[in-house]
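Protein chains: 2
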Amino acid sequence: MDVSIIVIGDELLIGQVTDTNSGWIARHLNPLGWNVKSIKVVADDSEEIFSAINQAFVQTDIILTTGGLGPTKDDITKPTLCRYFGGELVMDKATLRNVEEVVAKRHLTMNPLNEAQALVPTSCRVIQNRVGTAPIMWFEKQNKVLVAMPGVPFETETMMECEVIPQLLKRFCVNDHIEHRTFIVIGYAESALAIKLDEFERELPGYIHLAYLPKPGIIRLRLTGSSTDAEKIKSDMEMLSSKLDAILGNAIVCHEDKPISAILGDKLHERRLSLATAESCTGGNVAHQITSIPGSSQYFTGSVVSYSNDVKQNLLGVPADAIKEHGAVSEPVVRQMACGVSSLLKTDCAIATSGIAGPGGGTPEKPVGTVWMAAKIGDRIHCECKHFPGVRDRVIDRTTTEVQIMLLKMLME
Amino acid sequence: MDVSIIVIGDELLIGQVTDTNSGWIARHLNPLGWNVKSIKVVADDSEEIFSAINQAFVQTDIILTTGGLGPTKDDITKPTLCRYFGGELVMDKATLRNVEEVVAKRHLTMNPLNEAQALVPTSCRVIQNRVGTAPIMWFEKQNKVLVAMPGVPFETETMMECEVIPQLLKRFCVNDHIEHRTFIVIGYAESALAIKLDEFERELPGYIHLAYLPKPGIIRLRLTGSSTDAEKIKSDMEMLSSKLDAILGNAIVCHEDKPISAILGDKLHERRLSLATAESCTGGNVAHQITSIPGSSQYFTGSVVSYSNDVKQNLLGVPADAIKEHGAVSEPVVRQMACGVSSLLKTDCAIATSGIAGPGGGTPEKPVGTVWMAAKIGDRIHCECKHFPGVRDRVIDRTTTEVQIMLLKMLME
Chain A
-8 MDVSIIVIGD
2 ELLIGQVTDT
12 NSGWIARHLN
22 PLGWNVKSIK
32 VVADDSEEIF
42 SAINQAFVQT
52 DIILTTGGLG
62 PTKDDITKPT
72 LCRYFGGELV
82 MDKATLRNVE
92 EVVAKRHLTM
102 NPLNEAQALV
112 PTSCRVIQNR
122 VGTAPIMWFE
132 KQNKVLVAMP
142 GVPFETETMM
152 ECEVIPQLLK
162 RFCVNDHIEH
172 RTFIVIGYAE
182 SALAIKLDEF
192 ERELPGYIHL
202 AYLPKPGIIR
212 LRLTGSSTDA
222 EKIKSDMEML
232 SSKLDAILGN
242 AIVCHEDKPI
252 SAILGDKLHE
262 RRLSLATAES
272 CTGGNVAHQI
282 TSIPGSSQYF
292 TGSVVSYSND
302 VKQNLLGVPA
312 DAIKEHGAVS
322 EPVVRQMACG
332 VSSLLKTDCA
342 IATSGIAGPG
352 GGTPEKPVGT
362 VWMAAKIGDR
372 IHCECKHFPG
382 VRDRVIDRTT
392 TEVQIMLLKM
402 LME
Chain B
-8 MDVSIIVIGD
2 ELLIGQVTDT
12 NSGWIARHLN
22 PLGWNVKSIK
32 VVADDSEEIF
42 SAINQAFVQT
52 DIILTTGGLG
62 PTKDDITKPT
72 LCRYFGGELV
82 MDKATLRNVE
92 EVVAKRHLTM
102 NPLNEAQALV
112 PTSCRVIQNR
122 VGTAPIMWFE
132 KQNKVLVAMP
142 GVPFETETMM
152 ECEVIPQLLK
162 RFCVNDHIEH
172 RTFIVIGYAE
182 SALAIKLDEF
192 ERELPGYIHL
202 AYLPKPGIIR
212 LRLTGSSTDA
222 EKIKSDMEML
232 SSKLDAILGN
242 AIVCHEDKPI
252 SAILGDKLHE
262 RRLSLATAES
272 CTGGNVAHQI
282 TSIPGSSQYF
292 TGSVVSYSND
302 VKQNLLGVPA
312 DAIKEHGAVS
322 EPVVRQMACG
332 VSSLLKTDCA
342 IATSGIAGPG
352 GGTPEKPVGT
362 VWMAAKIGDR
372 IHCECKHFPG
382 VRDRVIDRTT
392 TEVQIMLLKM
402 LME
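Protein sequence lines correspond, in order, to chains A and B. Number 167 in our numbering belongs to position 176 of the first sequence; there are no gaps in the numbering. Number -8 in our numbering belongs to position 1 of the second sequence; there are no gaps in the numbering.
Incorrect hints may appear among the rest.
Said to hold, decoys possible - Where chain A lies over chain B, by a calculated footprint (3+ residues, C-beta under 8 Å):
{"id": "1", "stretch": "-1 to 9"}
{"id": "2", "stretch": "73 to 83"}
{"id": "3", "stretch": "270 to 283"}
{"id": "4", "stretch": "331 to 338"}
{"id": "5", "stretch": "360 to 373"}
Hints were generated in silico from the structure; no laboratory data involved. Built from N, CA and C at the ideal position, the CB exists for glycine as well.
With the hints as constraints, model all of the structure from the sequences given.
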């Protein structure tokens, strides 16, 4: 089943908002074996929307649109949908009731703009939006389906999950079985990994392919196979997974598409170890990533973000002399930050970071991007200095990933 | 000048990677008055890429592509570009030297895949990639320009900024002046704001328009005007800005498109106040957002992420009885967390959060999404309970924004 996604909104074409809806939709349709052929972002412009729909109808069976609806936007997308599918805008009572309920739940009062959201084309079937005021509209033409959804990610995601995907599954039937296997690999550059896997890749059957999805510090490998024979594709994938395990060994740290913080959390939980972080340049981002994983309270105790030197000294016991002699970005300082936080918060493991994230603060000896990191399990402690290229956000992100990989490696030794 | 962006990569169509390049490019072309007409995401497929380029050439003067290049991907995009623009792939010595330099800088060794990156179409002019191995390729046809760039965001951003934008500006000349004014508004729902601004909007001249860009907790308003008369559009925009200020007053917390953490940071810096955070459910995300702003070390001292109750008691002085009697998610607990962290880290201001982010941990009295927040300046302290809908990430994000808005409001009183 081929799908087109059309994302509507001026704000996306001037870059003030980043579209996350299309990625979310693609990620959730892919396991069903549905193929997103293209994603197109267009302006809040009737002609642009009309021509994008027209083109999508030629190429695919299902068209999903997000955005271009909502109290201050309704005037363009809905009339354009009427133009394409026929019919006219009428006030729909069930929709109005739903809008009133959502508005009441938010402790707000109805106004004329909310009311106008209950105007829907006579040519569509409405799916009531349980978590927002813009109705979801289902159109059919020439045996193809278009579903128009709002642009607010939370609303689109909730309604896709609860209503749109289940209803699409009912409406269309698919025979192809698609299997994915994802492998999180550390310690390789993309090209080095491709060379290591050259023979493996050349021997893959035509209906299975391998994709490289590099992220800073890690590479995700994804095997995808499709066949009408569900059993055969499953056993093929098992066999190839074992083969990859044999080739890459310990470099594969996980067999699911999980963030590093979840992989690290699993290992800590397995071994009943607790963790604390002491963060300077990452400013709490390591703790944030770790606690974004449900259940992290089982192994994560807390963190001290020691942004000022006073906090490093008073709370984490870093000697003032060490800072004076070596600077705050140095091995003795991160080492003591890790020891200090694990003794203060009484944890088995600790992570510490201290670096120059920029744009200011660099020196010839320690330019922007210089970072010292420490990972500690019991009495074992490992410190490392890295130089990360790029701007502030990137230095913070890379450090956050690398220091978690450092601890992960120690846990797997 | 009309621009199309084509984003190439299977990984985007299955949702494993979110495209941030197109947003970045749009955001940086917009102030030049260049109009991104559409963004299209296509698969690593020669036919799809060819037809996307073909269509973009009809509609726009400048086509920018990202992705589909790189050591393991080079086999599709480059030959497709040869097919469209003519010429053949040849080994380019200057490009090879550049690849070698970049590889050496990364302390890696050259391999055949890196070498193949120096194969470029004879029909293009190469712009050497200073921060990666994939060359940037500049093509011209029928007085229109296509620039092919790699998919790694850091590389695309760096090269757009240093080379591609300056070279495009030289190549094309633009006469229209575009002016933007952004206003960050708090305390309004989108529809209520639209009603408040109804008359203002109706009185806008045709060459100026107002856009609503809602984000959780805030609404960004953007006035955009374009004219060939730079002075006139500037004075029009000044006049309209003052008018908006008069209508919305204190609800406008900033006249630039800045994140809440930067607006808060500016106010703290202006008034020479220091800040610490005590975070439970946000797990360090408030500290992370505050420290992602350059210069935040001038007002941000540090944070205690008190994920376990032990840390709340031992470090922040929350009485064990308070937790027993009211629960960790309660007013007495966040109040003491704020007081505890400001006295421990000796700061003027403090922020504290404690909530149930989910998916587990909810009860009938305190369902998932229940959050207590505190903001403190000197002896003034304000506590608030909110119920945020949605999943874990969303509860953490909303809390992070709301608690910063709470402190911001107190600073503006």
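Results of checking the hints against the structure:
Coverage of the stretch -1 to 9 of chain B by chain A holds in this model, with 9 residues showing a Cβ closer than 8 Å to a Cβ of that chain against a need of three. For the stretch 73 to 83 of chain B, the proposed coverage by chain A is not satisfied: 0 residues have a C-beta within less than 8 Å of a C-beta in that chain, short of the threshold of three. Three residues within the 8 Å Cβ limit are the bar, and the stretch 270 to 283 of chain B against chain A gives 11, so the coverage statement holds. Check result for the stretch 331 to 338 of chain B against chain A: holds, 3 residues qualifying (beta carbon to beta carbon below 8 Å, three or more required).
Residue count for the stretch 360 to 373 of chain B with a Cβ under 8 Å from a Cβ of chain A: 0. That is fewer than the three needed, and the coverage hint is violated.
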